[in-house]
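Trainee: Just need the whole structure built from these sequences, with the hints factored in.
2 protein chains.
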Amino acid sequence: MKPVKIGVLGLGTVGGGTVNVLRRNADEIARRAGREIQVVRAFARDLNRSRICDTTGIGLTDDPYSIVNDPEIEIVAELIGGTGIARDLVLKALDNGKHVVTANKALIALHGNEIFAKARAQGLMVAFEAAVAGGIPIIKAVREGLAGNTIEWVAGIINGTCNYILTEMWEKGRDFPDVLQEAQALGYAEADPTFDVEGIDAAHKLTILASIAFGIPLQFDKVYIEGISGITRLDVAYAQALGYRIKLLGIARRTPAGVELRVHPTLIPERRLIANVNGVMNAVLVKGDAVGPTLFYGAGADPTGSSVVADLVDVVRMLTSDPDNRVPHLAFQPGSIADIPVLPASEMQTAYYLRLSAEDKPGVLADVTRILADHRISIEAIIQKEALADESHLPVILLTHKLKEKELNEALARIEALSTINGPVKRIRVETLG
Amino acid sequence: MKPVKIGVLGLGTVGGGTVNVLRRNADEIARRAGREIQVVRAFARDLNRSRICDTTGIGLTDDPYSIVNDPEIEIVAELIGGTGIARDLVLKALDNGKHVVTANKALIALHGNEIFAKARAQGLMVAFEAAVAGGIPIIKAVREGLAGNTIEWVAGIINGTCNYILTEMWEKGRDFPDVLQEAQALGYAEADPTFDVEGIDAAHKLTILASIAFGIPLQFDKVYIEGISGITRLDVAYAQALGYRIKLLGIARRTPAGVELRVHPTLIPERRLIANVNGVMNAVLVKGDAVGPTLFYGAGADPTGSSVVADLVDVVRMLTSDPDNRVPHLAFQPGSIADIPVLPASEMQTAYYLRLSAEDKPGVLADVTRILADHRISIEAIIQKEALADESHLPVILLTHKLKEKELNEALARIEALSTINGPVKRIRVETLG
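Protein chains in written order, with the numbering used here: chain U, 1 to 434; chain V, 1001 to 1434.
These are computed hints drawn from the structure, not numbers from a lab.
Because the structure is a prediction, the values reported are computed rather than measured.
Any given hint might turn out to be false.
[To be verified] Distance condition first, Cα-Cα at most 27 Å in a straight line; then the derived DSS-like pairs of lysine-lysine:
#1 V:LYS1426 with U:LYS172
#2 V:LYS1402 with U:LYS222
#3 U:LYS92 with U:LYS5
#4 U:LYS222 with V:LYS1404
#5 V:LYS1385 with V:LYS1402
[Unchecked claim] Partial list, derived from the structure: chain U residues whose beta carbon lies under 8 Å from chain V:
#6 VAL21
#7 ARG120
#8 GLY145
#9 ASN149
#10 ILE212
#11 LEU249
#12 ALA257
#13 ASN325
#14 PRO334
#15 LEU343
By construction, the Cβ of each residue, glycine as well, lies at the ideal position given by its N, Cα and C atoms.
Mentor: Dropping the structure here:
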């Protein structure tokens, strides 16, 4: 089947990231979508700037209208941001019969009602997963995955800049202006940080989340917004003394009187999972009446391209597939199931926790570590416990580095054969999940 | 538009829960799906048993074939479980032109390839979100939300019984047989716990996750499986001493040599979010090349009905909607957007952290607490710090119970007017997110 032709508006962090993902994972994506996705043209303001993506084979232009007017292009990915030219381009693309994918939270929060009405009138798709919480598929989760629930509330860490700043303040006892300056130097905060630190960006995203959670119109102007610039390291420390962490949350809550929409710094009990979402990471906690509390966690910024591409795949599946099997049962098209071998346990690699019961006399540990060294098994940690009063054996716990199970088996057979070792060695696998 | 007629097979925990969710949220679900979803008939083995759901208006039968053969029924929800009669019923339902929604992980893991082939041949839908991780929409997240990624690995806490047992062993220093017995008494473990504690249930779910992550066939027989019955409280304690928690993980990992599919107890560094998923909760951590690590957390057992209903909504949206707007932009059908008022900040209710700068002399705290009492504001905690050497004022931190902001404003105006209080009172909202 012919490739689907895409035009990309904007080649900055999100646009460049999207092009990179589409190139790197072209095969994997075509196996899922049922068709190849090809970026044929892209708009960039400055054609001579260096880019984070390879633009070979992509027709670059500094005229974005030439893309939304190009009859060859089926889907426009609007990755410029802001509510200026982006709104006009999206509406023009729809007028011209093109499906639209966008990462633009301000555009959707402020002009979504208008854009969606036009898309419906035209029978076209507008997808905006990337507008909220970057790579986390939270729009899909709320809009489809939790469709059986009456959603009671949503609370999200949806601005990575603020979460980075608050995490640094908490971990290092530093003050806001100091951390902000560093965040700007590291590229985690803009030169003008107002949008992020004063909560406006979070409020755009909250506006969208609230609409899809409760079925209410997009109404950004009714969000109560308070940023983090007034938080001091003393507040962070006192909150900690009381058992809390401070996070900038976007909260949408249904109450009998109406809906609360608010963005503000919030003390959260430290035992909550969401209180432990640190650095630039994002997380959204959704409370549904059927599902209970459910959390979606991931990176909010760089991986936005991941969500843009997921939306592209959604659109392509819709354009291409038998409607009843729009999404293939096993994610990949039936003809694209791969015959990758599944490894036997002996070939699997993990680190190991080993517990030995050793005679309480000198030299035993030396024997054990020598055998491990013979088999080139490195040890990361050893704990040797004192024997209890009534026992002649003491437990020795070892953590190994990663190795194949069959290599471990050989070493353990020798260790278990030692007269000073009592019974079989207990083993549990270790994964750092890093 | 006419309601969609559903037949439910099985009225146990999942089936009864599904009927409850469909009844309780009927309006909300119809606003999302575009049509009412009506359970017209249900199968139960014993018609006289008491049920967790109201069956008024549902035609009960002890003959499941009468449901899959009923020409009036459009969608069959298979919630019996197991691979005996369930397989035959699902295949019959497809033969008879009915879409199928199922929560049956064993059925999909063992017979999914056969069932999907028949569904495709018939042009019918088979949805199985509820088969993995209960209410967490992990199938949708991986199959659609992360469709742009090459998925590197998936690691999941996907058996609530095992996670409950390991959490109790860790929190209370108890041993496996002891906790298992209690879990059985509480209904968290079956009378025959083998399926759960020996990892078979987790392996069924892992089989499905691996297929949708990597695009490989379902191959349950190649999963390496090890349960938790050999874990002792000593292992849990030693792991903790080394900075780890022990969890039963299902892991699917892509390596250059092939795919690893394994279920086993695993030491995880305690600083990882997934190491802090406790009790009966489930979580799946997915590492994609574009998105990085992303975690999906929620309840695995009781809320399974949430996912069954989400699948029903998916099918109904497909049957009913304009294909290009199958899922409404704002989750609810355009004609069903509600005009719920958004509350002003003064009407919002939260608890508060208050920081006052108070003169270091007797009676100040009494004045403050009297004013709060006058306004019926209860205090949950107070911290009073010593003044620094060069300061005449000391910080007083108060945590209030929940109240409306306007009530707080009145009290704070009086407190700020006290001559012994220096400057405005700092306030930060508190949410327990419980």
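Trainee: Enumerate the violated hints, using their earlier numbering and listing them in ascending order.
Mentor: The structure conflicts with no hint, since it agrees with every one listed earlier.
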